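Sequence lines, in order, name chains A and B. Under my numbering, the first residue of the first sequence is numbered 1, with each subsequent residue one higher. Under my numbering, the first residue of the second sequence is numbered 381, with each subsequent residue one higher.
Hint data in this document are derived by calculation from the structure and do not stem from the laboratory. As the structure is a computational prediction, the values presented were derived from the model and not from experiment. Keep in mind that the hints are not guaranteed to be accurate.
[To be verified] Examples of chain A residues lying across from chain B (beta carbon under 8 Å, computed):
1. 62
2. 63
3. 119
4. 136
5. 309
[As the list claims (entries may be wrong)] With a Cα cut of at most 16 Å, we get these calculated EDC-like pairs of lysine to aspartate or glutamate:
6. B:446 to A:248
7. B:430 to B:482
8. B:430 to A:248
[Said to hold, decoys possible] Pair ranges (Cβ atoms, derived):
9. B:394 to A:299: 22 to 30 Å
10. A:262 to B:423: 28 to 36 Å
11. B:425 to A:180: 53 to 61 Å
12. A:307 to B:483: 22 to 30 Å
13. A:70 to B:434: 31 to 39 Å
14. B:500 to A:3: 53 to 61 Å
15. A:273 to B:425: 31 to 39 Å
16. B:506 to A:304: 52 to 60 Å
17. A:304 to B:514: 23 to 31 Å
18. B:405 to A:268: 33 to 41 Å
19. B:479 to A:261: 40 to 48 Å
20. A:360 to B:456: 34 to 42 Å
21. B:419 to A:298: 53 to 61 Å
22. A:223 to B:405: 51 to 59 Å
C-beta atoms are modelled at their ideal positions from N, C-alpha and C, and glycine is treated no differently.
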Amino acid sequence: MSSVHIVGAGIHPFGRHDQMSGLDQGVFALREALADAGLDWKDIQFGFGGSSAAGNADAVLPRMGLTGVQFINVANGCATGGSALLSGYWAIKSGEFDLGVVMGFDKHPRGAFNADPEDWGLPAWYGETGMMLTTQFFAMKIQRYRELHGISTRTLGLVAEKAFENGVRTPHAWRREAVDLDTILGSQMVSDPLTKYMFCSPAEGGAALILASDRKMRELGLSGPRVRGASVRTRVNGSFEVFAPSLDVERGPSPTEIASKAAYEMAGVGPQDINVAQIQDTESGAEVMHMAENGLCAHGEQERLIGEGATRLGGSMPVNTDGGCLACGEPIGASGLRQVYENVQQLRGRAEGRQVEGARIGYSQVYGAPGLSAVAILEA
Amino acid sequence: MRTKPVAEGLFVERADGPRLIGGRRKSDGRIVFPMPKGADGAEFDAVELKPEGQLWSYTVQRFRPKPPFNGPGDDRSFKPYAVGYVELPGEVIVESRLLVDDFSRLSIGMPMRLTTEVFRQEPDGSDVLTYAFRAA
Numbered sequence: 001m002s003s004v005h006i007v008g009a010g011i012h013p014f015g016r017h018d019q020m021s022g023l024d025q026g027v028f029a030l031r032e033a034l035a036d037a038g039l040d041w042k043d044i045q046f047g048f049g050g051s052s053a054a055g056n057a058d059a060v061l062p063r064m065g066l067t068g069v070q071f072i073n074v075a076n077g078c079a080t081g082g083s084a085l086l087s088g089y090w091a092i093k094s095g096e097f098d099l100g101v102v103m104g105f106d107k108h109p110r111g112a113f114n115a116d117p118e119d120w121g122l123p124a125w126y127g128e129t130g131m132m133l134t135t136q137f138f139a140m141k142i143q144r145y146r147e148l149h150g151i152s153t154r155t156l157g158l159v160a161e162k163a164f165e166n167g168v169r170t171p172h173a174w175r176r177e178a179v180d181l182d183t184i185l186g187s188q189m190v191s192d193p194l195t196k197y198m199f200c201s202p203a204e205g206g207a208a209l210i211l212a213s214d215r216k217m218r219e220l221g222l223s224g225p226r227v228r229g230a231s232v233r234t235r236v237n238g239s240f241e242v243f244a245p246s247l248d249v250e251r252g253p254s255p256t257e258i259a260s261k262a263a264y265e266m267a268g269v270g271p272q273d274i275n276v277a278q279i280q281d282t283e284s285g286a287e288v289m290h291m292a293e294n295g296l297c298a299h300g301e302q303e304r305l306i307g308e309g310a311t312r313l314g315g316s317m318p319v320n321t322d323g324g325c326l327a328c329g330e331p332i333g334a335s336g337l338r339q340v341y342e343n344v345q346q347l348r349g350r351a352e353g354r355q356v357e358g359a360r361i362g363y364s365q366v367y368g369a370p371g372l373s374a375v376a377i378l379e380a
Numbered sequence: 381m382r383t384k385p386v387a388e389g390l391f392v393e394r395a396d397g398p399r400l401i402g403g404r405r406k407s408d409g410r411i412v413f414p415m416p417k418g419a420d421g422a423e424f425d426a427v428e429l430k431p432e433g434q435l436w437s438y439t440v441q442r443f444r445p446k447p448p449f450n451g452p453g454d455d456r457s458f459k460p461y462a463v464g465y466v467e468l469p470g471e472v473i474v475e476s477r478l479l480v481d482d483f484s485r486l487s488i489g490m491p492m493r494l495t496t497e498v499f500r501q502e503p504d505g506s507d508v509l510t511y512a513f514r515a516a
């Protein structure tokens, strides 16, 4: 069976871009990815793309050229990018196609996301009485996790401090100034125990990847990391997810745990083989919990590892080398692909200023409402 | 003063206090809250949940949420409120607003009891009630 490779990657810097639509940023990323691979749009056989708040992804077609290409819009919440990647992976793996694009872009209004209960099959009172906020969910998940596994407030601050440090070194990051630990810990409390600097913000940006079969890659004289494993999993009974008026007393695994396990099995590698990881850091606590949910450490070990600097650049387990969502912000349609873009740069030795030396296996995980997780494992 | 619940079928008043109304799935006994409505509701029997449990997790809402939140006041007059999950032993873990004078007194595992609170007022002056938990 053919293997799937990422032969081109493009990104429009994340942040706020008043003069550009979300679509403009998607087109920018797509053109950059094609240029990276030295390909023309007319070479592309298929596309999967997503945007949550900036229109239909297939609106890129008139801009890129109406070639009749098969293009499918993907909508899977915060895991839209990961889902587009998995769809493209399957398209090539099936043998049906051998060259395509996966892409995503977005542009969100400022401030926290607000949701309409009806869209989620929830009663109106849940929103009216002020319980339908993603920020509350993240705060309550880490609050309980802290109680069970002993994670200090300082550790939550260190995660954000590291994110902004890495953002300084990353051209596509939004927040590119370091913020010291005291400022992070002393900033406005948003939802206890999480302060303003511990939360990412909705943002704008675009990301695109060119996927090719190994045969096509060789035929075109290209190269690029191989997708060794890719998975998307949704929630099971007993998981703790956003927008849940009730939870089962009997607790179960998270969608991240089951997606991670599936991707490791598919890739034939384990957590000990990972050289660089990009994991969902909607807020500081999410990075802490996702370290364990992705098997990168045992529950509770984060307190020591983060305190020792293991997740920083130069540490034993660099996490979110481009500053993650905390420094890049979260344009939903592009966020998961931004993680994979960063791993491609790391595995190709192009992550200047933030390069993990000798990185061979890169791991990425994006999590989103209403409870799904997408994982991709790449090999240089 | 007239009062009305924020939604019908959410809770009932008993002599010793309110009870939340959950749903027990007919096929496997799994309990959910609130009681599902419409077609989904046909698969559940309505059950009154235990009024007491333990705090499972919590946070404090420090900024005024965007709509559909329709609590009183504006961004300036907004008063932070606590929310949390309360485990009702052997039944289900429910999300709720929490009534507490001092947020620092909240701790996971503390005993909690169901009550109701006036959440907001209608333009005609009637009070809108919702459920909440307070320290038992």
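Verification of the hints:
At its closest, the beta carbon of residue 62 of chain A sits 34 Å from a beta carbon of chain B; the interface hint therefore is violated under the 8 Å criterion. Against a cut-off of 8 Å between C-beta atoms, the interface hint on residue 63 of chain A is violated, since the closest Cβ of chain B lies about 32 Å away. With a least beta-carbon distance of about 11 Å to chain B, the hint placing residue 119 of chain A at the interface is violated under the 8 Å criterion. About 5 Å separates the beta-carbon of residue 136 of chain A from the nearest beta-carbon of chain B, less than 8 Å, and the hint is met.
For the restraint placing residue 309 of chain A at the interface with chain B, the shortest Cβ-Cβ distance is roughly 28 Å, beyond the 8 Å limit, so the hint is violated. Pair hint residue 446 of chain B plus residue 248 of chain A does not hold up; C-alpha atoms about 28 Å apart against a cutoff of 16 Å. Taking the CA atoms of residue 430 of chain B and residue 482 of chain B, the gap is near 25 Å; set against the 16 Å cutoff, the hint is violated. With a C-alpha separation of about 15 Å, the suggested pairing of residue 430 of chain B with residue 248 of chain A holds against the 16 Å cut-off.
At roughly 41 Å, the beta-carbon separation of residue 394 of chain B and residue 299 of chain A lies outside the given 22 to 30 Å, and the hint is violated. Distance hint for residue 262 of chain A and residue 423 of chain B: a CB-CB separation of about 30 Å, consistent with the stated range 28 to 36 Å. For the pair residue 425 of chain B and residue 180 of chain A, the beta carbons lie near 56 Å from each other, so the given range of 53 to 61 Å is met. Range check, residue 307 of chain A to residue 483 of chain B: about 27 Å between beta-carbon atoms, so the 22 to 30 Å window is met.
For residue 70 of chain A and residue 434 of chain B, the Cβ-Cβ distance of about 54 Å falls outside the hinted range of 31 to 39 Å, so the restraint is violated. The hint said 53 to 61 Å for the Cβ distance between residue 500 of chain B and residue 3 of chain A, and at roughly 59 Å that hint holds. In this structure the hint that residue 273 of chain A and residue 425 of chain B lie 31 to 39 Å apart at CB is violated, the actual value being about 50 Å. Checked against the given bound of 52 to 60 Å, the beta carbons of residue 506 of chain B and residue 304 of chain A, roughly 56 Å apart, stay inside it.
Under the hint 23 to 31 Å, the C-beta atoms of residue 304 of chain A and residue 514 of chain B, about 38 Å apart, miss the expected range. In this structure, residue 405 of chain B and residue 268 of chain A meet the distance hint of 33 to 41 Å, their C-beta atoms being roughly 40 Å apart. Taking the beta carbon of each, residue 479 of chain B and residue 261 of chain A are about 41 Å apart, inside 40 to 48 Å as hinted. Between residue 360 of chain A and residue 456 of chain B the beta carbon distance is about 55 Å. The supplied range of 34 to 42 Å is therefore violated.
Between residue 419 of chain B and residue 298 of chain A the beta carbons are some 44 Å apart, a value that contradicts the proposed interval 53 to 61 Å. At about 53 Å, the CB distance of residue 223 of chain A to residue 405 of chain B agrees with the hint of 51 to 59 Å.
When held up to the earlier numbered hints, the structure conflicts with 1, 2, 3, 5, 6, 7, 9, 13, 15, 17, 20 and 21 and fits the remainder.
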